[in-house]
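Knowing the structure of chain A, use the given hints to seat chain B on it.
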Amino acid sequence: MGMIEDFKLLEKYGFKLLPYALARDIDEAAAIAKKLKYPVVLKVVSPEITHKTDFGGVKINIKNEETLRLAYKDIIDGAKGKKIDGILVQKMARKGVELIIGGKKDDQFGHMIVLGLGGIYVEVFRDITARICPINAEDVDDMVSELKSNPLIMGARGNKPINIDALKEILFKVCRFQSEEDIKELDLNPVVFNDEGCDIIDVRFSK
Amino acid sequence: MKNRKLRNLDKIFHPKAIAVIGASTVPNKLGYVLMKNLIGNGFQGKIYPVNLKYRKVMGLDCYPSVLEIKERIDCAIIATPAQTVTQILKECAQKKISGAIVLSGGFGEVGHQDYEGEMKKIAEENDMAIIGPNCLGVINPYSRVDSIFLPMYKLERPQAGGISFITQSGAVGTCGIDLAAKYGLGISKFISYGNATVTNECDFLEYLLHDKRTEQIVLYIEGTKDGKRLLEMMTKVNREKPIIALKAGRYGGALNAAKSHTGNLAGNYLAYKAAFRQAKVIEAENLEELFDFVKIFNQPLPKGNRMMIITNGGGLGVMTADAIEENGMKLAEMELKTKEKIKEITPEYGSIGNPLDMTADASVDRYRESIEACLNDENIDGIFIDVLFQTPTMNEDILDVLNFASEDRRKPIVVTAVGGSFTEGYRKVLESSGVPTYGTPSEAVKAMRKMVDYSLKSKCRKCLIK
Numbered sequence: 001m002g003m004i005e006d007f008k009l010l011e012k013y014g015f016k017l018l019p020y021a022l023a024r025d026i027d028e029a030a031a032i033a034k035k036l037k038y039p040v041v042l043k044v045v046s047p048e049i050t051h052k053t054d055f056g057g058v059k060i061n062i063k064n065e066e067t068l069r070l071a072y073k074d075i076i077d078g079a080k081g082k083k084i085d086g087i088l089v090q091k092m093a094r095k096g097v098e099l100i101i102g103g104k105k106d107d108q109f110g111h112m113i114v115l116g117l118g119g120i121y122v123e124v125f126r127d128i129t130a131r132i133c134p135i136n137a138e139d140v141d142d143m144v145s146e147l148k149s150n151p152l153i154m155g156a157r158g159n160k161p162i163n164i165d166a167l168k169e170i171l172f173k174v175c176r177f178q179s180e181e182d183i184k185e186l187d188l189n190p191v192v193f194n195d196e197g198c199d200i201i202d203v204r205f206s207k
Numbered sequence: 001m002k003n004r005k006l007r008n009l010d011k012i013f014h015p016k017a018i019a020v021i022g023a024s025t026v027p028n029k030l031g032y033v034l035m036k037n038l039i040g041n042g043f044q045g046k047i048y049p050v051n052l053k054y055r056k057v058m059g060l061d062c063y064p065s066v067l068e069i070k071e072r073i074d075c076a077i078i079a080t081p082a083q084t085v086t087q088i089l090k091e092c093a094q095k096k097i098s099g100a101i102v103l104s105g106g107f108g109e110v111g112h113q114d115y116e117g118e119m120k121k122i123a124e125e126n127d128m129a130i131i132g133p134n135c136l137g138v139i140n141p142y143s144r145v146d147s148i149f150l151p152m153y154k155l156e157r158p159q160a161g162g163i164s165f166i167t168q169s170g171a172v173g174t175c176g177i178d179l180a181a182k183y184g185l186g187i188s189k190f191i192s193y194g195n196a197t198v199t200n201e202c203d204f205l206e207y208l209l210h211d212k213r214t215e216q217i218v219l220y221i222e223g224t225k226d227g228k229r230l231l232e233m234m235t236k237v238n239r240e241k242p243i244i245a246l247k248a249g250r251y252g253g254a255l256n257a258a259k260s261h262t263g264n265l266a267g268n269y270l271a272y273k274a275a276f277r278q279a280k281v282i283e284a285e286n287l288e289e290l291f292d293f294v295k296i297f298n299q300p301l302p303k304g305n306r307m308m309i310i311t312n313g314g315g316l317g318v319m320t321a322d323a324i325e326e327n328g329m330k331l332a333e334m335e336l337k338t339k340e341k342i343k344e345i346t347p348e349y350g351s352i353g354n355p356l357d358m359t360a361d362a363s364v365d366r367y368r369e370s371i372e373a374c375l376n377d378e379n380i381d382g383i384f385i386d387v388l389f390q391t392p393t394m395n396e397d398i399l400d401v402l403n404f405a406s407e408d409r410r411k412p413i414v415v416t417a418v419g420g421s422f423t424e425g426y427r428k429v430l431e432s433s434g435v436p437t438y439g440t441p442s443e444a445v446k447a448m449r450k451m452v453d454y455s456l457k458s459k460c461r462k463c464l465i466k
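Heads up: the sequence lines are chains A and B, in that order. Quick note: the first sequence, position 175, residue 175 per the working numbering, numbers continuous. Quick note: the second sequence, position 275, residue 275 per the working numbering, numbers continuous.
Extracted from the complex, chain A is given alone in its bound form:
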């Protein structure tokens, strides 16, 4: 399934994604970026590329049109020879604590939900905890307290604690999404949280 279809399906379940649009050419990309307001992110959308970063297929924190045009060309060059559906232009995410929210269908227990320290070190630190779906607010509080990264979530180094209500909302939605769509595996990684809310940066799931 393509990225755009994935996004659309998630939106159907009420996940709030960062504003995005698919650009077919460089001018369209510039127009979209202007509309979304800088900074933005560019991501290659291709059925032949699963690891987008390996091909230089993701460019982040683009602050103006000049950089956008250069970045666009870089992506097209990197993906040479691959079939490309277009370039996704998306609003740049907020800064904050990067968490992974995952889902998986277990043979015995059914759908479970995983919360952990997200980003690129997910599999290095393996700081994760899980529950069986459905979950309640108390389960989320317990999960947060079980993580070694708990101090980050509760606001380390002068930062405010993350918005726990936003976390609860997204975890509840993931449980519902998994069971209604009968998802096999799912990653929202990372989801960036601050005191106001969260932004989902990358999505991957399979049925």
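Among the clues, some could well be false.
[To be verified] Computed list of lysine to aspartate or glutamate pairs in EDC-like fashion (alpha-carbon distance at most 16 Å, straight line):
#  : chain 1 : residue 1 : chain 2 : residue 2
1  : B       : Lys-228   : A       : Asp-106
2  : B       : Lys-457   : A       : Glu-146
3  : B       : Lys-457   : A       : Asp-142
4  : A       : Lys-207   : A       : Asp-25
5  : A       : Lys-148   : B       : Glu-326
6  : B       : Lys-90    : B       : Glu-118
7  : B       : Lys-459   : A       : Glu-138
8  : B       : Lys-457   : A       : Asp-141
9  : B       : Lys-457   : A       : Glu-138
10 : B       : Lys-459   : A       : Asp-142
11 : B       : Lys-225   : A       : Asp-107
12 : B       : Lys-225   : A       : Asp-106
13 : B       : Lys-339   : B       : Glu-372
14 : B       : Lys-228   : A       : Asp-25
15 : A       : Lys-73    : A       : Glu-28
16 : A       : Lys-83    : A       : Asp-25
17 : A       : Lys-105   : B       : Asp-226
18 : B       : Lys-446   : B       : Asp-322
Simulated from the structure, these hints should not be mistaken for laboratory data. A quick note: this is a predicted structure, and the numbers were derived from the prediction, not measured.
Here is chain B on its own, set in the frame of chain A:
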């Protein structure tokens, strides 16, 4: 008992008459040991050996089939080869026996799912509760039912008490019984359920929920067939009686070929861990922890996490204090009246703080009075008593003091006694009288932390009455 399945199970634990199918006169045969244990253990009901080959087994009349027995039979213990079991169960059903234990192996575990299918069908059609196959069966020290086919001289049987064991593995069950006996723990029901064809861990949890003699439950599990029901049942039962769970087979479950991070990280064990946490059951990582946790749960539940340390060995107290903070609990701040009371009995070089170091010349009386003062203190939720039995002023009377404190039941107390064979001797005496006693501060503290968690988080009925 509400439903028929539970009533039938109850027949297995409290039978008036048992048929032992495959009873034998040949020493070391399973059917021989079984008979010997049932008789030797003092089972009060009637025992009917069944075997075509014999007319008498151990002085009792032996029958060729259960159908030849005139009297009513409540429970059949079956120890014959797998291929004979279906026919035997059919006869049991005809005889209207409502409960059976199938000890024999040679079923699904070696590819004979068909035998298990037949067993299931017979159970359903005739409303029978069947435990097993491929298991050790049950012990009920109250009714003296004992289907464990291991000789008593090799495997000690625990005394009667309030702990019930549910175990999938017979081997771990064997160790569990032996260790429970060694630690002086009293058991209510022991259930080794093997292949779980007709009754599984969920049924036993439900049964034990209603069993008045069961106060806490140990659950050893390798795999479940119905995770959703297990989660539901654990949640329900744990609110009434604490469950201490150990999951084996934790690694190798992750799908290494998974495409997502979650798929890579989340092996099957993560799901069990999630379920344990969701149900608020206490998870033990290994057998040592399992018994460390089991031991403490005979104490009253703590109302909070403020811990007091009383010791005659300064360093021991300090290590306990470290472990308390490491484990997310707090050191209690004594009430003024407690401090004053203790000041009267402590020499000037001792320190009246927490840890309360009564110094190496502390007498048994000083222990008694300090413990009493702390039991009266509203600022203290639990007490660690770290005793150096090795000092000249300690004598056997300290055992009474500790026993008394353990039975006081206003607050949970745990004893830590570090040392060699002399100390171990004292520790054993304490353990066998039910005083939770540990060989190191960290073991004691970890166990207390589990009880604090249970008390504060599980919403158990006892926890809510405060």
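Results for each hint:
1. For the proposed pair Lys-228 (chain B) and Asp-106 (chain A), the alpha carbon gap of about 11 Å is at most 16 Å, so the pair holds.
2. Proximity of Lys-457 (chain B) to Glu-146 (chain A) is assessed by CA-CA distance (about 13 Å); at most 16 Å being required, the pair is judged to hold.
3. The hinted pair formed by Lys-457 (chain B) and Asp-142 (chain A) meets the criterion: a straight-line CA distance of about 10 Å does not exceed 16 Å.
4. Proposed proximity of Lys-207 (chain A) and Asp-25 (chain A) is contradicted: the alpha carbons are some 32 Å apart, above 16 Å.
5. Taking the CA atoms of Lys-148 (chain A) and Glu-326 (chain B), the gap is about 13 Å. The hint holds against a cut of 16 Å.
6. Proposed proximity of Lys-90 (chain B) and Glu-118 (chain B) is supported: the alpha carbons are some 10 Å apart, at most 16 Å.
7. Of the pairs offered as hints, the one joining Lys-459 (chain B) and Glu-138 (chain A) holds, with about 12 Å between alpha carbons and a cut-off of 16 Å not exceeded.
8. For a cut-off of 16 Å, the pair hint linking Lys-457 (chain B) to Asp-141 (chain A) stands: about 12 Å separates their Cα positions.
9. This hinted pair checks out: Lys-457 (chain B) and Glu-138 (chain A) have alpha carbons roughly 10 Å apart, not beyond 16 Å.
10. Simply put, Lys-459 (chain B) and Asp-142 (chain A) have alpha-carbon atoms about 14 Å apart, close enough for the 16 Å limit, and the pair holds.
11. Between the alpha carbons of Lys-225 (chain B) and Asp-107 (chain A) the distance comes to roughly 9 Å, so the proposed pair stays at or under 16 Å and holds.
12. With a C-alpha separation of about 12 Å, the suggested pair Lys-225 (chain B) and Asp-106 (chain A) falls inside the 16 Å cut-off, and the hint holds.
13. The straight-line distance between the Cα atoms of Lys-339 (chain B) and Glu-372 (chain B) is roughly 12 Å, inside the 16 Å bound, and the hint therefore holds.
14. A C-alpha spacing of about 50 Å is found between Lys-228 (chain B) and Asp-25 (chain A), which places the hinted pair above 16 Å, so the restraint is violated.
15. Taking the CA atoms of Lys-73 (chain A) and Glu-28 (chain A), the gap is about 13 Å. The hint holds against a cut of 16 Å.
16. Between Lys-83 (chain A) and Asp-25 (chain A) the CA atoms are separated by roughly 14 Å; this keeps the pair inside 16 Å, and the hint holds.
17. Among the hinted pairs, Lys-105 (chain A) with Asp-226 (chain B) is consistent with the structure: their alpha-carbon atoms are about 14 Å apart, no more than 16 Å.
18. Pair hint Lys-446 (chain B) plus Asp-322 (chain B) holds up; C-alpha atoms about 12 Å apart against a cutoff of 16 Å.
Hint compliance for this structure: hints 4, 14 are not met, and every other hint is.
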